[in-house]
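Read off the chains here:
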Amino acid sequence: MNEHRARSRAPDRAANPGLRRPCALGAALLGAVLALTGCGGDAGSGGSASARPVVTVWADDQRAAALKDFARTFGEKYGARVSVQAVSKDLQTNFVTASQAGEGPDVVVGANDWIGNLVQNGAIDPVRLSTSQRDSLEPRAVKAVTFNGQTYGMPYALENVALIRNTALVPDAPATIEEAVAVGQRLKGEGKVSEIMSVPVGQAGDAYHAYALYSQAGGYLFGRDAQGEYNPADLGLGTEASVRALEKFRALGEKGVGALKRTIGPDNAIPTFTTGKAPFLISGPWAVPDIKKAGIAYDIQAVPRFEGTGGKGGPFIGVQAFYVAAKAKNKALAQEFVAQAGGSERTAIALTEANPRPPALKAALAHFKDSNPDLGKFLAAGADGVIQPAIPQMNVVWDPFGKAEAAIIGGAPVRSTVVSLTRAVAGQIGLDPDKAVRFAGAPATTNHPAAGKD
Amino acid sequence: MATPIPPAVPHPTGPSPSRRRGGVAHRVGWWRHAVALLCAVFALIPIVFVVSAAFNPRGTLGSTTLWPSGAGLENFRKLFTSTDYGRWFGNSLLISAAAGALSMFASACGAYAFSRFRFRGRRAGMTGLLLVQMFPQFLAVVAIYLMFTWITARYPGIGFNTSWALILLYMGGALGANTWLMKGFFDTVPKSLDESAKVDGASHAQVFFTIMLPLVSPVLAVTGLLSFIGTMNEFLLANIFLTDPEAKTLAVGLYGMIQEGNRDANFGLFCAGSLLMAIPIVALFLYLQRFIVSGLTSGAVKG
Amino acid sequence: MTVPPRKPLGNPLGTPLGSAGVLAKALLLGLALALAIWGAFPLVEHRDWLALAVLVAATVLIFWGYLSPRRIPAKYLLPGTVFLIAFQVLPILYTVSTAFTNFGDGHRGSKESAIHSIEEASVSPVPGTPDYRLNLAVPQGSSPADGPLVLVLTDPATGKERAARADTGTVTDLPSRATLTVLTDPQAARRGAELAALRIADGPGHIRTEGLERAYVGAPARSYDASSDTLRDATTGTVWKADGTTGTFVTDDGERISSGWRVGVGLGNFADVLTNPTISRYFGQTLLWNIAFAVLTVLITFVLGLFVALSLHHPRMRGRWFYRALLILPYAMPAFAMLMVWADMFNKDFGLINRLFGLDVNWLGEPWTARAAVLLVQLWMGYPYMFLVATGALQAVPDEVKEAARVDGAGRWTILRKVTLPLVLVALFPLLIASFAFNFNNFNAIYLTTAGGPFPPDSPMAGATDLLITYTYRLAFGGQGAQYGLAAAISLFIFVIVAVISLVSFRRARAMEEVNG
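Protein chains in written order, with the working numbering: chain X, 1 to 454; chain V, 1001 to 1303; chain B, 2001 to 2517.
It is worth saying that the hints were derived from the structure and are not from the lab.
Nothing here was measured: the structure is a model prediction, and the numbers come from that model.
Be careful, since some hints might not be right.
Claimed, not checked - Calculated pairs, SDA-like style, for lysine to any residue (alpha carbon to alpha carbon, straight line, at most 20 Å):
no., chain 1, residue 1, chain 2, residue 2
1, X, Lys255, B, Asp2458
2, X, Lys89, B, Lys2418
3, X, Lys327, V, Pro1190
4, X, Lys327, B, Gly2109
5, X, Lys277, X, Ile291
6, X, Lys327, V, Arg1154
7, X, Lys327, B, Ala2197
8, B, Lys2160, B, Ala2178
9, X, Lys327, B, Leu2198
10, B, Lys2418, V, Pro1190
Just chain X, same shape as in the assembly:
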């Protein structure tokens, strides 16, 4: 090899100690680079921080964008720097992690079902609503942010799913699910659509959307005590009502009429509707901008009941709220931000315009009565709905319930699937799996060892 010979002709240079350790040079170079930038950064940020108060807000991308205007106004009023930061993924987990380290934002925007977990980790402080604040808000929104007798957030919007239909294809609102399916089948037969309806299911199921149908078919997830609080000991999954409700899913599923299918999931449910492939869509207010953009004529109604059931079910009502971080650096200013962001009509209107869902502030809802009737319709569609439980046990249910839904829609036998589902959930929330299955004729369970750990 040529090169080493070329170099090896100069052995005298090798004796020079300075040549010996270029790696040392490399390491020092690294250090130098770090030192330079480190110093630079230090000088830049150190000076201004103490003078101007800072409010850092974490929200998801959509809400972060919607909050920009309010943040600017608020910052000007209080001489503060309000930094609205979008955390695109794992917002809740990241917030808890940051809070544990004493870092993180001063204000967080998120759904009401986070409250249980945020409270048990000491990540948020109660937001004490004044009487006038309470009166100005939709009562269900206040109830949703109430946990252990305290209000923990400033609610600003409600959301729930509804049945959205393409009025060009279906002029009249169906009264029952069966009616909707019949219309869908007819349109499919005529070749006007390719799907009977578009309901997000996916391979892993979608418990949130499924719940609207599940409850209309008579099922429930957790019972409630006399005060209307969720009772984690009353797991509704293992009841006869649950089996009957899921039988309906199976009948609507791939081995049945084919109205529910796993190939329509959270990613493509809305596009399936906006491209005119399906006459019905079960979705929430977030679908509306896409539908409008696609130029589809639509109307919104509650998810209808099934024939022969009472129809007292309803969708989950989720509430979006502002929370004050327990580790907020300037807590008084953070509380003020939360109170004003949720309490001002102007802000509520701006937030609703940026991100149309029914506002929690009554005055703002009234403002949109004529200009955006959709908001009222969604609220009406949730009239019989229940507030999404904030109890930590609910987190255990989402995933297995969704998977059981997907399996049953795919044609799995209902009873045995419900038994496995119930046992798995019961085991995780500390209930006796054997007692959690409460319907007659449940398949033998001896081959499933108890999953509870005591």
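Following the hints, put chains V and B in place on chain X, whose structure we already have.
Chains V and B only, in chain X's frame:
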């Protein structure tokens, strides 16, 4: 194909490498093109979908087909007017270039030590590197976060929402990721080369910088490229470390575009952003290709 | 295609470094010292004596290491190792240590912080006290920036005002604001942190503020009593006893407060892993698929990558650079974007693959097709990587060796089989092991495509494409919040398994390394 040789270097073995290679090479078989084309099609199918959505001004997830139904640069324009795309791009380039270059150097040093020296703890060290890589990162995030909280309080210039925080972190992973790759290549360079150099009086540093590194320049280029790509795509840590919109990287910014509620509407925008993101990577590859494929290492004769 | 002259990396050929090298080294070591000194200031300021000691020791180590003529390997390992230890090893050790605790949601902090947050969360306005309007002020003449805060409390019902002074802790009636300077909004905002921490006793509770414009008299319903180590709710009379073994407050009849603290549980998490039937029931099946997934991923990406590299490894082939640029595109595109597109392509009813080939396969809905789909996506995403390293490895195979074989009469196929491939394998075998180890835990590959699915109807916990890592994730994070302790314990088990597999392979790698000598 000519392979220029530094003129000062006498050629020990007579015939020039180009002629020798010419002797080995045969006619270019058609099958080579067939394989390349087939694989290119395989590589491109999902990407055509992205291209189609990016150029479709009404590009939504639902309306996108393999063949574009419309064409325009609307999405690209919006990228730079309605998002911080340019800044994200700059951040990503800075972080990836710095982390890529630094990690390439650190792993080359490490690989040299592991390949050429026999010292106590060598095998334990290599095994350790492998094991460290196996640990699930989502678990370590909490610890890393705690650590950077400590650092941010003391050195805000290299703390949260700075590019340096990520560069430091990626440096930590660099040794594990690439040292194994490099060591394998270092092992293929015959030991007799450096030994004879040492006999001639060259120091270990001279051997490293003037013999080993040039000989393994293809793998240096590969490693640099791989770290660059890996850092461009890294999401988990960047997502929690960079919350300030000004500090975000492309991966974090792009992911944010297709969050729930926006996924359909922003899909075209997102695809446009993804396509542009591939440009520096492909450009870097094309630039490095001459090192990867230079063939200069073919001079390394065993013995 | 012509190849430009190589630019030598590192030291240019034959240029004497001599005095310049000494100078550069002195300069850089000096910079390292400067860096250490810069780093020391904040540590002194924060009184982090331990960290300062580590910093001094590290600096001494660097100087000692690089100034001494011995310990040559250490000089090369030091730059990477420093970062490795700081940002990989330490976090891992910390995490491993959590395997012996109940660390997780509800058990994240200390007992003190749990008590604090329980007490704070139980604060409510004292009945009968007004919801005051608040103005902030300082005594006239003192600075709005740091004068003693005075809370001007206005009862909205009567309009009467009271003044609560922060420095004296007294609350008095305030007939007139004349003696005070009321702060403007920005002035008040700057003192927000101070304000929120203020507790001025007033009657049965303390004056507390909510934002900058409201105040109330609040008292906590729950309070901790250190002597009995209990927590008592004054309104309901419930008493919770601190349970030091589980890190929770619990009543005699077993009701717990969800805010707990972190305690050591010894080997409890490991016992859980071994005895939990949900884990043991699916462990074997998941492990088998996990091994198959990792092995197959490495195998198919390597075979295709090497094959393509070989195909393009021809000096006179036209358009090589173009093909190569196209081929690395899958690796260049953001992975999460492409995984989404792939998931879409596998859709049974709407997906491209079924439409293109006229199939009706429920790819992601059946165990074996889902596994095939996952592997296909892995192949697509992974072969550019293998292609790149294989190209590099092929370049490193000396032509002289092939030439020698050719002279000895070997054909192209024989040269490839007997000369080229063995050399390429020597170069890449360590990488393949590392790649196996990586893919064994390739969380994203599964989580972003199938999320472990499809799931058999009788088991919502373990899906057909689940790896141990995604399965762990679901067990530890899918339930009632994150259980880091349990997850760390399961991870340690997985870790041991992968380590054993990899080390056995590593022995083979070592054997190959010795061949090359």
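> If you check each hint against the structure, which ones fail?
Replying inline: 2 and 3
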